[in-house]
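Q: Taken in order, these protein sequences are the chains called P and W. Here my numbering is used: the first residue of the first sequence is 9, the next is one more, and so on. Here my numbering is used: the first residue of the second sequence is 24, the next is one more, and so on.
Hint data in this document are derived by calculation from the structure and do not stem from the laboratory. Hints should not be assumed to be uniformly reliable.
Claimed, not checked - Straight-line distance between alpha carbons at most 25 Å, and here's what the computed DMTMM-like set of lysine to aspartate or glutamate pairs gives: (1) W:Lys261 <-> W:Glu202; (2) P:Lys149 <-> W:Glu444; (3) P:Lys149 <-> W:Glu447.
Letter by letter, the chains look like this.
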Amino acid sequence: MVEELRLPLIGSGVEAGLPGFPSPADDFIERTLDLNEQLVTNPIATFFVRASGHSMDGAGIHDGDLLVVDRSVTPIHESIVIAVIDGGLTVKRLSKRGAGASLLPEPNNMDQGVYLPIEVGPDTDATIWGVVTWSLHRLGKKCTR
Amino acid sequence: MVTASIRKEMYALADCNNFYASCERVFEPQLEDKPLVVLSNNDGCVIARSQEAKALGFKVGDPIFKFKDAVRQHNVIVRSSNFALYGDMSHRVMQTMRLFSPDVEVYSIDEAFIELVGLRGRNYENEMRRMRATILQWTGIPVSIGIGKTKTLAKLANHYAKRTIGIGGVAKIPQNPNEMLKTIEVGDIWGIGRQWSTKLRNIGVKTAFDLAAMDPTLIRDSFNIIAMKTAMELRGHKYFHFEQTPDQRKTLLRSRSFGKPVETWQELSEAIASHATRAAEKLRNENLVAKVLRVFFHTSLFNHRDPRHSTHAVVELIPPTNVTHDIIKAAVGAAEPMWQAGFKYKRAGVHLTDLSSGQVQCSLFDSEEKRIQDKRIMNVLDAVNAGMGAGTLHYAATGFTKVMQMRQLRKSPRYTTHWDELPECLCGLHEVQGGMSHISQNTK
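With the rest of the complex left out, here is chain P:
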């Protein structure tokens, strides 16, 4: 049987120094920076999505990039959006002209013309799923410590 139960207090701030001796740096500790504050404005409506393919390379979205998608943002002209086209999720640049709109691919210069724009009209069923607010691109290979 356990005779005595000694467990550290969850969330106590004493790990930083010796027990009983507050670290002299304690006065200067504010907090650590949390990347979420930059990337996620509205967590309720934010989803992460993985990009696949090259049709948006010119917009800074590369194969395998992690996209931050905020569904609460209203899409405007030039927004990068996730659109539902024929039941699938795709990334495009939204272009609004008057009443019409089109979804444009944005490949690198050398791939121009390979990917075709999509006109959104009465015949095309395209819904905007969300607005892409960030693209996170890993530099180099996945590193291990």
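Once you have looked at the hints, place chain W on chain P.
A: Chain W alone, transformed into the frame defined by chain P:
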């Protein structure tokens, strides 16, 4: 007339439409308009259906293996349950509601009561329409909303909103509700249920209107106090306050079929201990204690070739408790004498009944020190498991390897809770399924 002190209280009940199916569709829009069923934990029975699957006659509880032909014939999409996804989406929906009213009472994974009294001076119906649109845009989940003076009326309005096309998913009980009440069958009233509805119909009470018109004392004497309160709520008198429902949890069941048949006491006892652990967690979560525990296990109900055995044992928990190790001890202790070698057990479970809230009473067997120490251990256990993931700290009795691997062959990715399972969006040529013809048609 006294009007000055009357607060115009209103409740809304927001209920996600075909919630599990809707969650699947957010990340796979191609499933829109297709019949879709979601299966129970072990891919056994239907637990949720899309509207299209409902129309095909699929029922909750249908064992899916009996409907193989119908599934093939109608191209029904079949999915294992994905509670990581449903739980996260539920949280998002509820959080969105909290932006519209501070008083949101989560009633189940897909429905919540909202107290509207805080929204003074606003048009409740418009406000709820705005909330509905926001939830749909932010989360992709369609909800239906009913508004009424009491929770029972809100629930009833919700029922009306759900089945009435063309009202945009929001319905409010009108000033004179009689016509609407006449369209609601008595069995569809919240808190009445199947047991009372037959009896009520036999005495000529067929609709919500009939029940509201009935003499309250007669209802109380022939049925019970809850049925009477329900009838009074239909008349617009508030009996169920916020955080109160006619169907307060009275029992708690944790059980599951084994992925493969269990033949040793070691595996069986671990499974029972694991159910006991989860049941105890749930009790603490809801500030309840249990007085009676039933543990059961049995062989397959469908397999007639192997020898069959079904057994259960009931023990009283003295004093009533929600402490994990007490409940494990009681469950495993009661199960051990019942276990027999030579059977292939298919399912085990722990059923806690006679739940009550409130203080754990001290008894002769219960020392004050034990009680305080138990509470400390449970607090640590819950804090660690909440912070570091369920099951991080667990009792040795529940085993170190999970014997109960769920059979979930058709589970969609955990899109919102696992980095490796994020939805994929295509930037490429092959984004249009079914070929390029459609897209080029629309390209000018």
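Q: Would you pick out the hints that fail for this structure and give their numbers low to high?
A: The structure conflicts with no hint, since it agrees with every one listed earlier.
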